[in-house]
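As you go down the protein sequences, you meet chains A and B in turn.
Numbered according to the numbering used here, the first sequence spans residues 1 to 243.
Numbered according to the numbering used here, the second sequence spans residues 244 to 673.
Read the hints as simulated data drawn from the structure, not as lab findings.
The reader is advised that the hints may include incorrect statements.
Unchecked claim - Partner residues aside, some chain A positions facing chain B, computed with beta carbon under 8 angstroms:
no., residue
1, Gly30
2, Asp62
3, Phe70
4, Met79
5, Pro80
6, Asp81
7, Asp82
8, Ser85
9, Glu86
10, Leu90
11, Asn100
12, Gln104
13, Thr106
14, Tyr117
15, Gly119
16, Asp121
Note that this is a predicted model, so its numbers are computed, not measured.
We put the CB at the ideal spot given by N, CA and C, even for glycine.
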Amino acid sequence: MPADSAIIRIRDVEKRYVLGGEADVLALRGVNLDVEAGSYLAIMGPSGSGKSTMLNILGCLDRPTAGRYFLGGEDVSRMPDDQLSEARGLKIGFIFQSYNLIAQLTVLENIQVPLLYQGKDVRTHLESCLELAKLVGLGDRLHHRPSQLSGGQQQRVAVARSLVNNPLMILADEPTGNLDSKTGQEVLDLIDRLNEAGKTIVLVTHDDRVASRADRVIHMKDGLIDREVVNRPMRARPAVSSS
Amino acid sequence: MLTFQFVSTVRLGIKSLMLHKLRSALTMLGIIFGVCSVIAMLAIGEGASYEAQEAIKNLGSNNILLRSLKPPDQARQQAGGSPRGMQLAYGLTYEDGARIQSTIPGVNRVLPMRIIRENVRFDRNEIPCQVIGTLPSYMAVTGAGIVRGRFLAHLDEQHAENVCVITTGLARRLFPHLDPMQHAVKIDTFYYRIIGILQERSQPEQRTQAGAMEGQPLDNNVYIPLSVSRTRFGETLIRRSAGSFEAEEVQLHQITVQMQNLASVETADPQIRTLLGRFHDQNDYEIIVPLQLLRQAEQTKRIFNIVLGSIAAISLLVGGIGIMNIMLATVTERTREIGIRRALGAKRRDITTQFLVETVVLSVGGGLVGVLVGVLTPLVVSQLTTMKTIVTVWSVLLAFGISGAVGIVFGLYPASAAAKLDPIEALRHE
Ligand SMILES: Nc1ncnc2c1ncn2[C@@H]1O[C@H](COP(=O)(O)OP(=O)(O)OP(=O)(O)O)[C@@H](O)[C@H]1O
Ligand SMILES: [Mg+2]
Numbered sequence: 001m002p003a004d005s006a007i008i009r010i011r012d013v014e015k016r017y018v019l020g021g022e023a024d025v026l027a028l029r030g031v032n033l034d035v036e037a038g039s040y041l042a043i044m045g046p047s048g049s050g051k052s053t054m055l056n057i058l059g060c061l062d063r064p065t066a067g068r069y070f071l072g073g074e075d076v077s078r079m080p081d082d083q084l085s086e087a088r089g090l091k092i093g094f095i096f097q098s099y100n101l102i103a104q105l106t107v108l109e110n111i112q113v114p115l116l117y118q119g120k121d122v123r124t125h126l127e128s129c130l131e132l133a134k135l136v137g138l139g140d141r142l143h144h145r146p147s148q149l150s151g152g153q154q155q156r157v158a159v160a161r162s163l164v165n166n167p168l169m170i171l172a173d174e175p176t177g178n179l180d181s182k183t184g185q186e187v188l189d190l191i192d193r194l195n196e197a198g199k200t201i202v203l204v205t206h207d208d209r210v211a212s213r214a215d216r217v218i219h220m221k222d223g224l225i226d227r228e229v230v231n232r233p234m235r236a237r238p239a240v241s242s243s
Numbered sequence: 244m245l246t247f248q249f250v251s252t253v254r255l256g257i258k259s260l261m262l263h264k265l266r267s268a269l270t271m272l273g274i275i276f277g278v279c280s281v282i283a284m285l286a287i288g289e290g291a292s293y294e295a296q297e298a299i300k301n302l303g304s305n306n307i308l309l310r311s312l313k314p315p316d317q318a319r320q321q322a323g324g325s326p327r328g329m330q331l332a333y334g335l336t337y338e339d340g341a342r343i344q345s346t347i348p349g350v351n352r353v354l355p356m357r358i359i360r361e362n363v364r365f366d367r368n369e370i371p372c373q374v375i376g377t378l379p380s381y382m383a384v385t386g387a388g389i390v391r392g393r394f395l396a397h398l399d400e401q402h403a404e405n406v407c408v409i410t411t412g413l414a415r416r417l418f419p420h421l422d423p424m425q426h427a428v429k430i431d432t433f434y435y436r437i438i439g440i441l442q443e444r445s446q447p448e449q450r451t452q453a454g455a456m457e458g459q460p461l462d463n464n465v466y467i468p469l470s471v472s473r474t475r476f477g478e479t480l481i482r483r484s485a486g487s488f489e490a491e492e493v494q495l496h497q498i499t500v501q502m503q504n505l506a507s508v509e510t511a512d513p514q515i516r517t518l519l520g521r522f523h524d525q526n527d528y529e530i531i532v533p534l535q536l537l538r539q540a541e542q543t544k545r546i547f548n549i550v551l552g553s554i555a556a557i558s559l560l561v562g563g564i565g566i567m568n569i570m571l572a573t574v575t576e577r578t579r580e581i582g583i584r585r586a587l588g589a590k591r592r593d594i595t596t597q598f599l600v601e602t603v604v605l606s607v608g609g610g611l612v613g614v615l616v617g618v619l620t621p622l623v624v625s626q627l628t629t630m631k632t633i634v635t636v637w638s639v640l641l642a643f644g645i646s647g648a649v650g651i652v653f654g655l656y657p658a659s660a661a662a663k664l665d666p667i668e669a670l671r672h673e
């Protein structure tokens, strides 16, 4: 495995929540992890094992209290807030369990939000936004508000939104947690297609069937990676030219 | 690029505010009242002081006015039942005028005036007037304007001609259908030929007896030569009232001293006081310095403006606090949205801008409406009352500027509170 193909490289990462004295919580206790570009990683583990904490650090929403995190070769573990924001906006797409769309904006406007913060003109990117909406099957719902959509449709808007800045990777924290199994399947199929198109995916789940879609599954326990299962070698996947 | 972003931020702000129309409108109301009160109050203050200053300017800022006063202690004596036929001698004298002319440096002209209340008659019209005996220099000292004919001349004075000049208002009332020129009006028992008509304005001598002439129009003035006034009316005036009569001896009712310039007004004021004090053993005259009145009026206006400004500032402050209160509630309410935006790449600065723009849209929007209402209010006030109002450009700019500043000042804290939120905490917020 060539070293520079690792898009995520984590070294001895610790996360301590300071609550004062004995009450401190050590949510991550020195985790090491490499994730290759284009791979599909699932994170599993019991509640409170540190999965969300880990994903927040991977998504540059949070900084480790110790250890190093290299994202695309760049050390982001000590970055100032503004640069972290930029890294989030440019390199990472988020899909949340509770969709997290902005209620007062339409489908199209929600998809456009990440463009705004990169100083991009939404008019010049209108074509690609429409295409993304079509990709997630919402080409005819552009001017609806989130409250007028089903859960599955909302999550598909979130998928489209995560892609608009063409990020390096997509992070999803229990994306199907609020969906029934059928709509969940549809969203997961969508994520599969993104991975096939070359996007790196990191996904947190409690569901074995969801995890089985990933190349690789890591199981966390008490803030450490307990064991790791490789479903299939990443390279065995049919190569798809990314568009 | 940057302007596009700004425009879309403003549009987003308006959109968020429109989600809660009533709330936004109520919040704006505070600013609307504040801005409106700043403009309206300053307009009313400006109008009032303009009128006062105009009136004072009409007295002539280069002039010093001396007026005869009935001394207070004797007035009291009379009220207590005076002996019949008692004669009072008081007031300014011809000598006073001559002394001032010869001893006070910087004096340009000294204008004496006798002011007597008499009925003026023509045909069947009879109108109570002020008959003013004065000199031709009246025109130069007061800057009054002649509408028709001419004013009194030196020859009229020398020969004690029975001629008069009347004001336009009196001309209209006395001669509703006739051309007054060259007609003779009857005052007391003598006839006076009208040789000119004078433009009326708030003349200094009209104010002298404003109290006494209560209910009468103040522009019923008849000007006759001083020499005529002296010989026809004499120095002693007899007034009959309810069984008793009183006689007053007054030489001059008013002396207007015209100085060469403003600086000499300042030096002459105390000199005249000293001079008159030496020759009058009773307090039978007053000295009015229009320049000082003008300064006082300006001072008063300044204080007035400060008071009005503070009241208006307080109302803007209250409006600002209202805005801040609502924005803090909005930030709490939209914590989740803030978290989402941060996760999607928004920097702290972007969040600050977003909320600051919303506050400024609120306050500037309120400011615009306030300016509109504030400009209309004085118009309505001067329509409904006789009060004069002046809306100045600077008061509009000031009020509008303050409303913008209020938005920024009171928006800064809520906006920075929003920006300081931790993205993860914010995302978890229900
Ligand atoms: N802000 C916080 N302050 C204190 N402790 C925290 C905080 N966030 C997380 N923790 C603690 O860190 C540990 C890991 O939490 P985390 O949310 O990563 O668990 P998880 O694996 O995602 O669990 P779940 O499957 O229930 O979502 C937990 O013990 C939790 O109580
Ligand atoms: Mg979790």
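Determine which of the earlier numbered hints do not hold for this structure and return their numbers in increasing order.
1, 3, 4, 5 and 13
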